[in-house]
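Colleague: Chain by chain, the residues:
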Amino acid sequence: MEDKAGIKKPKIECVNISKHFMEGQEKNHVLDTIDLSVRENEFIVILGPGQSGKSTLLKIIAGLYKPSTGNAYLDGKEITHPGPDRGIVFQRYTLFPWKTVMGNVEMGPKLRGVPRKERRRLAQHYIELVGLKGFEKAYPHQLSGGMKQRVGIARAYVNNPKVMLLDEPFGQLDAQTRYFMEEETVRIWETEKRTVIFVTNNIEEAVYLGDRIVVLEGKLPGRMKKIYDVNLPRPRDYTDPAFLDLRHLITEETELTL
Amino acid sequence: MSNEALVNNSPVTEKPRTFGEFISALFKNVYVLYAISIISFLLIWDVLSVMQVLGRFLPRPVEVLYQLYDMLLNPLAGKTLMMHLWFSLRRVLIAFAIAVVIGVPIGLAMGFSPYFNAFVKPVFDLFKPMPPIAWISLAILWFGIGEMSKIFIIIIGAVVPCIINSYNGIRLVDPEMYDCIRMLGGNKRQEVIEVTFPAAFPAIFAGIQISLSMAWTTVLAAELVGAREGMGFIIITGMNQSKPAMIISGMVVIALTAWAISMLVTHAERWVCPWKTKLE
Amino acid sequence: MSDIQSAGSKRILKILPYLSLLSVLAIWELVVDTGLVPNTLLATPIQVIELFIYKLSHADPDGSVLLVHVLTSIGEALTGYTLALLIGIPLGLLMGWFVVAEGLARPIFEMIRPIPPVAWIPLAIFWFGVGLTGKAFIIWASGIVPCVINSFVGVRMTNPVYIRMARTYGASDWEIFKNICVPSALPMVFGGLQVALAASWTALVAAELIAADTGLGFLITMGRRLLMPDMIVLGMLMVGLTGVFIGIVIDRVEKRLVAGVRR
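Protein chains in written order, with our numbering: chain H, 1 to 258; chain A, 259 to 538; chain U, 539 to 801.
These are computed hints drawn from the structure, not numbers from a lab.
Any given hint could turn out to be false.
Calculated pairs, SDA-like style, for lysine to any residue (alpha carbon to alpha carbon, straight line, at most 20 Å) [unchecked claim]: (1) H/LYS148 x A/TYR436; (2) A/LYS379 x U/ILE786; (3) U/LYS552 x A/ARG429; (4) A/LYS386 x U/TRP566; (5) U/LYS552 x H/MET22; (6) A/LYS379 x U/LYS548; (7) A/LYS286 x U/PRO645; (8) A/LYS379 x U/LEU557; (9) A/LYS446 x H/PRO84; (10) A/LYS386 x U/GLY729; (11) A/LYS379 x U/GLY778; (12) H/LYS137 x A/TRP529; (13) A/LYS446 x A/SER371; (14) H/LYS66 x H/ASN28; (15) H/LYS9 x H/LYS193; (16) H/LYS66 x A/GLY443; (17) A/LYS446 x H/VAL114; (18) H/LYS99 x A/GLN448; (19) A/LYS379 x A/ALA367; (20) H/LYS99 x A/ASN445; (21) H/LYS77 x A/GLY443; (22) H/LYS219 x H/GLU253; (23) A/LYS286 x U/SER710; (24) A/LYS386 x U/PRO555; (25) H/LYS133 x H/ARG116; (26) A/LYS379 x U/TRP566.
I would like the entire structure built from these sequences, with the hints used as guidance.
Modeller: Right under this line is the structure:
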């Protein structure tokens, strides 16, 4: 299970990260000694049940939280602030309700001061990439959950980030839409390759999407339990015996704690 | 929302076959019921009035109508009904504008700065539970019974919702919105412009709406104290001259105006925040 | 959020509210003492406290000791308020569930709703006199509005799944109303209690300003007639404090009642 292709420099590196929150006088220990390196253009899935600290780890990489000990590095530089070199997609979508689809997607370039015409062109490209052509003028409350999350993905992609961070992005979708969005995620990722860190609590989703799957222990503080390599060709098939085998393996090895 | 499902719980959709079913379906139709309600309200009112249950101080509905008609054409204390209404509205609008200009920035500052909030909130909490009407005496002492004291009282009433809603609007912005704009590369200034203001805007606007209604409610209280014109003056005149018909017609105009204001404000909201989904 | 405030700024935030109240009192005292604002227009905090202590045991110059004013006001407010609850809540609940109740009551309610409580004062005096009845009526008319609205909305917000489930089990309209709609509306109803209280308390002051011989609103009016700014300010402060006090009591009662009902 060791990372064999260690020759290339890691894109993201987490060294000895732990995190606790203060709740009044109580220390709430959420993450413990996480060491992880992610290669360029790798699709890595962090798998763990609710309350395993996986979202916290993602937010540390995003720069939204500071780790209590240890550090996270992007291209060898310490991550201290949130920034547009990492694109994030939230579970609750978190679109700007007062902006149209176009307004949401063009927000990143707008903040960078890209001229209107240019940023419109950029945004249009990514709106079409996620399959929302024709909905540019719609407001988020007019869209379905799956469409909202497409806007979220386009909004993160438009900044041309080095890393995409997805925090249980399909957790609120129904099963049908979820499968469809997983396929779309792979399609988009194969069209425009990025390093992806994808957080989920769904084993099937993890096996379908990931190059590697990092399993966290099922209780706080979150620790790394095991890393699985997924050597299945894409597009993957949910009913492929090899797929099912891996799914079973992960299920069995994690069920004690999940 | 679920209202439709709840309202249609009775089997009104089935076609009535017998006369009895037709009647019972008729009595479950909301509009029929509304009509019955209004007609019986007026009838009972009329009967109570003719039988003098509340003494001679309950006029018949027709008398109220006649009084309204009379005041529309013939001036009372030199002004027709519309003039009185205009005087009240003018006071409301002036005080409302001042209240918004004072209240919204204070509320915003409280939302932005925890220090300003810690300093201002205790004083605000001290004054908040005192109803605007309680200020009447002080206002008269300070400003006399002229226009100033009336506008002062209305401002006291109208400024509170502006402050509360602006403060809460800023404070209750979803923190993930900030996470989001930071990840997109926004700096502090851009956070405020692109997230704080638009996200807080519906709450602030709601505060302004409540403030306008409050101003209209408070104008009466303000005018009870020695006004020579306005809707409060009509009501007080009716009281002093023992003309209940005049009082009730004043109340009718006040209620209609309040209703018109709330309609206007709802429309303004749809126009100003098109992204806002309907509230309930 | 991730920002961790330093211990120093936390301490400042704790001290600031006291500092603010103290400085307001100090400025208030100073502007009057230095003659910037004449004493005939504004009393100093010390004068107000002196009058407060004096009024605890003395009936003059307005006719009653402070406690009598407070109790009169509370009595009047609670009478109107209780009547508003007793009529408003059942009415709102019924309007929320039964089409007939809504159809019959709604137009009248919508007609009365926009009328400010102050507008009722002359009619209330004509019809019921300047005593308790008249004032209770004014308070009732303004307290009932939030009671009806909140109970109505509470029933309307009942999760339709529960209602459908009850129907599958063959529950009658009345049983559904009694066992499902009313309990699930309770949190909203209790939310209305505080709103109704605030409305009642405002209306009370209005009623007492116009016609009364005791009560806190009367105290304020007398302060003006006697040109005693300290009495006006005392009356205003008592109105605020008593309002807050009743609010806390009702909150306590509500918490005890609602203990069994999940939010």
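Colleague: Against this structure, judge whether each hint is valid.
Modeller: Going down the list of hints, with the structure as the test:
no. : hint                : verdict
1   : H/LYS148 x A/TYR436 : holds (18 Å)
2   : A/LYS379 x U/ILE786 : holds (19 Å)
3   : U/LYS552 x A/ARG429 : holds (18 Å)
4   : A/LYS386 x U/TRP566 : holds (18 Å)
5   : U/LYS552 x H/MET22  : holds (19 Å)
6   : A/LYS379 x U/LYS548 : holds (16 Å)
7   : A/LYS286 x U/PRO645 : holds (15 Å)
8   : A/LYS379 x U/LEU557 : holds (12 Å)
9   : A/LYS446 x H/PRO84  : holds (14 Å)
10  : A/LYS386 x U/GLY729 : holds (19 Å)
11  : A/LYS379 x U/GLY778 : holds (15 Å)
12  : H/LYS137 x A/TRP529 : holds (17 Å)
13  : A/LYS446 x A/SER371 : holds (14 Å)
14  : H/LYS66 x H/ASN28   : holds (15 Å)
15  : H/LYS9 x H/LYS193   : holds (17 Å)
16  : H/LYS66 x A/GLY443  : holds (18 Å)
17  : A/LYS446 x H/VAL114 : holds (18 Å)
18  : H/LYS99 x A/GLN448  : holds (15 Å)
19  : A/LYS379 x A/ALA367 : holds (11 Å)
20  : H/LYS99 x A/ASN445  : holds (19 Å)
21  : H/LYS77 x A/GLY443  : holds (17 Å)
22  : H/LYS219 x H/GLU253 : holds (15 Å)
23  : A/LYS286 x U/SER710 : holds (17 Å)
24  : A/LYS386 x U/PRO555 : holds (16 Å)
25  : H/LYS133 x H/ARG116 : holds (19 Å)
26  : A/LYS379 x U/TRP566 : holds (17 Å)
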